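For the record, the sequence lines run as chains A and B.
Letter by letter, the first sequence follows residues 2 to 225 in this note's numbering.
Letter by letter, the second sequence follows residues 276 to 500 in this note's numbering.
Be careful, since some hints might not be right.
Said to hold, decoys possible - Output of the computed footprint for chain B on chain A, the stretches with three or more beta carbons under 8 angstroms from beta carbons of chain B:
1) 107-121
2) 139-146
3) 155-162
Worth flagging that the hints you see were computed from the coordinates, not collected in a lab.
Computed from a predicted structure; not experimentally measured.
Don't be surprised by glycine CBs; every beta carbon is placed ideally from N, CA and C.
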Amino acid sequence: MAKRFLFGLVAIALVVGAAYSSLLIAPEERTMGALYRIFFLHVSCAWAGLTAFSICFAANLLYVWKRKEKYDGLGVACAEVGLAFTTVVLITGPIWAKPAWGIYWTWDARLTSTFILWLLYISYLLLRTLVEEADRRALLSALFGIFAFIDVPIVFGAIRWWRTQHPAPVIMGGANSGLDTAMRPTFWLAVLAMHVFMAFLIVERYGLERMRGEVEMLRQEAEG
Amino acid sequence: MMPLLSNATAIFGKEVRTEFRSRELLSSTIVFVLIVVVLFSFTLDTNSNESRRFAPGLLWLAFLFASSLMMQPCFLRERTNDTLSALRSSVSDTFAIFLAKIAANALFLLLTELLMLPVFAVMFNVSFVAQFPGILLTFFVGSLGIATAGTAVAAISTQARMRELLLPVLLLPLLAPILVASTEVTVGLMSPDPFMQWKGIGFLAVFDVVFLTALWLFGEYLLEE
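If we strip away everything but chain A, and leave its shape as in the complex, we get (with noise of 0.2 angstroms):
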């Protein structure tokens, strides 16, 4: 109990302290002056949400392998958080992208396998609400859990081929792309509390669906 209420203090205090660093000490940029702030938000959030992401995919192949209950609580704690984080992807977008590019939302390639990303991590919730038993819910969901992490790419692929006019990747892109020096502290601390965050709360969310998992075999004991 100690433990964990130390690992959710160490996780709001690096948020803290990366939103204070991300709108006081990082340096105003050029064009964008402090709009560009959001940034740090932004993409600190959209990477722990692939990073929830993907540990979920990797649950969800353990399941479908070893069967054994804790990771398909672990998948459904990741498909959680990961989307929660996602939701905060796609509203603080266009947030940014009206003062920045004139308008809320472009069809372009990240948005849009993002927004899809979005769409099939909810389907794999809403699957999970419509099995009963508890062994089939798992089973499916982690299946297709796996489908949809696949079809990502593909999403992503088909859409940056013939749909886009997407503006080149900032970060670990070509030669020219990359942060002001002055920036990278900032943006490596929100990345780090971010993923600190995500930790924290699929470590809570995992905790509640291994109770949960718990009162329901209590309950169908009692009524036995």
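Assemble the complex: chain A is given as a structure, and chain B must be docked to it using the hints.
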């Protein structure tokens, strides 16, 4: 390899015979596509030259919607008639069941598409005759992808509540890449100076191979009792 193929062929024959005895699936899907195409035409100006640009997208959208209805019965029938376990024990590899159902679904979808193509061409004022081989190829690789993902998702949704609603909700986002790629290829083929986008055909083929491989690896778990 050989027993897999002979098992799959036998089940494929069963699927096709069952369908052609009643032709229920084909006839209702064709009526559905027809209705969708007519309703689309009310929402857009079909006389403009623009129709060459948007018509193929509408056509594929209609096929996608139709497929989410068409894939419903392929496992549901086995479950309601309690024939799934018999089917499972009759084959050495459950992938044969999937291969057969995918082939049958792809065939039914392709038949619907081919019957709808002339109607569609007349209603939306596009020509297809000169480019027919290319269109046929696009329909084939596109339908194979739709049928593969659709059969997999149908195996999932039949085991859940509200399955009629669940199947499109699970399937349509998965099919987004097919819609993008096949629309682009068809737009090229139906444009005033038609051209073939082999890149798009290759892309669709990659989708087909990826989902067939995923089903080959994980299919048996989908049919666990």
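Each hint tested on the structure:
1. 107-121: Coverage by chain B holds here, the residue count being 3 at a Cβ distance below 8 angstroms.
2. 139-146: holds (count 4)
3. 155-162: Three-residue rule met by the region 155-162 of chain A, so holds; n is 6.
No hint from the list above goes unmet by this structure.
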